[in-house]
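Student: Using the hints, position chain B against chain A.
Protein chains in written order, with our numbering: chain A, 1 to 254; chain B, 1 to 89.
Calculated directly from the structure, the hints in this document are not laboratory data.
Any given hint could be a false lead.
To be verified - Computed spacing ranges between beta-carbons, pair by pair:
#1 B:I42 / A:R172: 17 to 27 Å
#2 B:V63 / A:W131: 57 to 67 Å
#3 A:V208 / B:M1: 16 to 26 Å
#4 A:P123 / B:R83: 54 to 64 Å
#5 B:E19 / A:S18: 43 to 53 Å
It should be emphasised that the depicted structure is a prediction, and the values quoted were computed from it without experimental measurement.
Positions of the beta carbon are idealized from the N, C-alpha and C atoms, including for glycine.
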Amino acid sequence: MAAGMFLSKVWLNTWLFSSFVVFTVVYTPIFAVVVAAGRLFSPGRVTMRRFRRAVRRYGRVLVFFLPLPFLRVVYHDKGKADTQDKGPYVIICNHRSSSDPFLMACLPYEVVQVVNDWPFRLPFLGAFARWAGYLSVKEMPPEEFAARCKYYLEKGVSLVVFPEGTRSGNRRMGQFHGAIFRVALEMPVPIIPLCISGNEDKPPKGSVLVNPGVIRIIKLPAIGPRQYAGYAPFKLKNLVRDIIVQETAIMDGQ
Amino acid sequence: MTEQDVIRKTNEVFEESFEIGKERLVPEAHIFNDLGLDSLDIVDLVVALQKKFGVVIRSDERVQKIRTLGDIYQFIASLGQERTDRKDA
Numbered sequence: 001m002a003a004g005m006f007l008s009k010v011w012l013n014t015w016l017f018s019s020f021v022v023f024t025v026v027y028t029p030i031f032a033v034v035v036a037a038g039r040l041f042s043p044g045r046v047t048m049r050r051f052r053r054a055v056r057r058y059g060r061v062l063v064f065f066l067p068l069p070f071l072r073v074v075y076h077d078k079g080k081a082d083t084q085d086k087g088p089y090v091i092i093c094n095h096r097s098s099s100d101p102f103l104m105a106c107l108p109y110e111v112v113q114v115v116n117d118w119p120f121r122l123p124f125l126g127a128f129a130r131w132a133g134y135l136s137v138k139e140m141p142p143e144e145f146a147a148r149c150k151y152y153l154e155k156g157v158s159l160v161v162f163p164e165g166t167r168s169g170n171r172r173m174g175q176f177h178g179a180i181f182r183v184a185l186e187m188p189v190p191i192i193p194l195c196i197s198g199n200e201d202k203p204p205k206g207s208v209l210v211n212p213g214v215i216r217i218i219k220l221p222a223i224g225p226r227q228y229a230g231y232a233p234f235k236l237k238n239l240v241r242d243i244i245v246q247e248t249a250i251m252d253g254q
Numbered sequence: 001m002t003e004q005d006v007i008r009k010t011n012e013v014f015e016e017s018f019e020i021g022k023e024r025l026v027p028e029a030h031i032f033n034d035l036g037l038d039s040l041d042i043v044d045l046v047v048a049l050q051k052k053f054g055v056v057i058r059s060d061e062r063v064q065k066i067r068t069l070g071d072i073y074q075f076i077a078s079l080g081q082e083r084t085d086r087k088d089a
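For reference, chain A alone in the conformation it holds in the complex (with noise of 0.2 Å):
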């Protein structure tokens, strides 16, 4: 058993990597390329819209195709009445390991990730952050933050953040930072909760590689700015914090 399962690992990560590899040489210069020139005959608002799209492609390859049969990725979405239309949102997340932003390709939105510094050092794909706008926290001031997140929900684009501030590595998830919910409370937006489960060991922290499982997602329904019209920033982030506290509870078996 133990054997099957360090093959399935060995084979798993042999071909991850090297498939990641090829899909990312392939892929990435042929849309830098079709956005690019795209841009001669579209505004700068419909190129990034285009570029975003582009990532989120990439990275549904990434994450759903090439991991089979060994690493599955199960996307569910139990609000899906209520976040028909484009958004924007804030999108909450738990945060258990590096491959969350990964992840995030799952999700039918316009999103521009409010990331750490580390995906931006990712060889090529940080490069691919940055021009898609993620939002690397550590490298600005609050007010800035702030800034910079309203500019985006304006322009009708969707933000995803992981409030832990670093990944858990574990089934506990840290407190929430309350910045995010600051802007969501002046905007005001709709928030969706979303959980992930599965991917703790998905690669672990500390290692790059990836054992075989489930990871499952779970998109909850939003919270609207009607039901949190009035909460102070802690009582909101503690309210979203409790929902993907229980569902995750729930997704793993607790």
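Tutor: This is chain B only, laid out in the frame that chain A set:
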């Protein structure tokens, strides 16, 4: 102001401003890890404490060392003591 007054009024700040239940307000509670405040919440906390106790809180070495609710009780008590000493002088 007695020590019990400081504890009661400080706890009221946490209950009123952050809606944190009484049962979580124990001296050893870490204000970030256990109570869930972040750096921006600290600004709100300082404003609420200033209003509650009628004091001015400046960012000095003592403030930067605060980690737990018990540290806040001690800090507020020390501010009250300083004010009494100034009056006596």
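Student: Does each hint fit the structure? Answer for all of them.
Tutor: Going down the list of hints, with the structure as the test:
{"no.": "1", "hint": "B:I42 / A:R172: 17 to 27 Å", "result": "holds (23 Å)"}
{"no.": "2", "hint": "B:V63 / A:W131: 57 to 67 Å", "result": "violated (41 Å)"}
{"no.": "3", "hint": "A:V208 / B:M1: 16 to 26 Å", "result": "violated (56 Å)"}
{"no.": "4", "hint": "A:P123 / B:R83: 54 to 64 Å", "result": "holds (58 Å)"}
{"no.": "5", "hint": "B:E19 / A:S18: 43 to 53 Å", "result": "holds (52 Å)"}
Consistency with the previously given hints fails for numbers 2 and 3, ordered from lowest to highest.
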